[in-house]
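Chains as they are written, first to last, in the working numbering: chain A, 81 to 193; chain B, 170 to 279.
Certain hints may be false.
Lysine to any residue pairs mimicking SDA-like chemistry, simulated, CA-CA at most 25 Å apart [stated by the list, open to error]:
{"no.": "1", "chain 1": "A", "residue 1": "K137", "chain 2": "B", "residue 2": "G264"}
{"no.": "2", "chain 1": "A", "residue 1": "K137", "chain 2": "B", "residue 2": "N265"}
{"no.": "3", "chain 1": "B", "residue 1": "K211", "chain 2": "A", "residue 2": "V154"}
{"no.": "4", "chain 1": "B", "residue 1": "K170", "chain 2": "B", "residue 2": "A247"}
{"no.": "5", "chain 1": "B", "residue 1": "K237", "chain 2": "B", "residue 2": "V182"}
{"no.": "6", "chain 1": "B", "residue 1": "K211", "chain 2": "A", "residue 2": "A133"}
{"no.": "7", "chain 1": "A", "residue 1": "K137", "chain 2": "B", "residue 2": "Q223"}
{"no.": "8", "chain 1": "B", "residue 1": "K170", "chain 2": "A", "residue 2": "S138"}
Going by beta-carbon spacing under 7 Å, a handful of chain A positions derived as facing chain B [claimed, not checked]:
{"no.": "9", "residue": "G122"}
{"no.": "10", "residue": "P123"}
{"no.": "11", "residue": "F125"}
{"no.": "12", "residue": "A133"}
{"no.": "13", "residue": "E136"}
{"no.": "14", "residue": "F145"}
{"no.": "15", "residue": "V179"}
{"no.": "16", "residue": "E181"}
{"no.": "17", "residue": "G187"}
Calculated from the structure, these hints are not laboratory results. Idealized CB from N, CA, C, for every residue including glycine.
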Amino acid sequence: DTGVSQDPRHKITKRGQNVTFRCDPISEHNRLYWYRQTLGQGPEFLTYFQNEAQLEKSRLLSDRFSAERPRGSVSTLTIQRTQQEDSAVYLCASSLTLVSEQFFGPGTRLTVL
Amino acid sequence: KQEVTQIPAALSVPEGENLVLNCSFTDSAIYNLQWFRQDPGKGLTSLLLIQSSQREQTSGRLNASLDKSSGRSTLYIAASQPGDSATYLCAVATGNQFYFGTGTSLTVIP
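The following block holds chain A by itself, in its conformation from the complex (with noise of 0.2 Å):
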């Protein structure tokens, strides 16, 4: 297994325009996450799943965000409007269990014009 693998590395988008990113987890991790990390900051929390099934959303997270994980392996972040605050790199991590250990992807940078 290679780990986590994000796509694409870098999006640049003008506003108003939508986004989707893609995750593919380590195969036998259930558990999916996915964060947003601005400059100077630690990652923010923003939703995971327990295979296909979406448990827990960030309060803070707009409606304009909507993810997906259809058959439990691979999981889509879609931002609809992108606003410039949506300038992040946007995480994506995943796990076998609550307790075990978390790994990362390398990331989607995303800037908004």
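Following the hints, complete the assembly by docking chain B onto the known chain A.
Just chain B now, with coordinates in the frame of chain A:
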């Protein structure tokens, strides 16, 4: 809500020194605590995971301790090397979420 604090925010040491990074959290009802390193422009690399029932974990030159009752963890790095230069983050698992600190930026000077 769980609050995680890391002190100091930045640290610069000469090569070969031993050093300690600190992490504190407000809610002691945690499942575990994980230490990560992050290199500029990269994702997070897991260093050590301590379960709530454990007091410490060791990996090579790294030793992490956990005192759940006082809401504290330390990461000890022995004989620091320039390659240890990175940002070190701690994260606690509470409820269904991981809460991260803002990190300590470490520079090891050759």
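Hint-by-hint comparison with the structure:
no.	hint	in the structure
1	A:K137 with B:G264	holds (12 Å)
2	A:K137 with B:N265	holds (10 Å)
3	B:K211 with A:V154	holds (21 Å)
4	B:K170 with B:A247	violated (33 Å)
5	B:K237 with B:V182	violated (28 Å)
6	B:K211 with A:A133	violated (28 Å)
7	A:K137 with B:Q223	violated (29 Å)
8	B:K170 with A:S138	holds (12 Å)
9	G122	holds (3 Å)
10	P123	holds (5 Å)
11	F125	holds (5 Å)
12	A133	violated (12 Å)
13	E136	holds (5 Å)
14	F145	violated (16 Å)
15	V179	holds (5 Å)
16	E181	holds (5 Å)
17	G187	holds (5 Å)
In summary, the numbered hints that this structure violates are 4, 5, 6, 7, 12 and 14.
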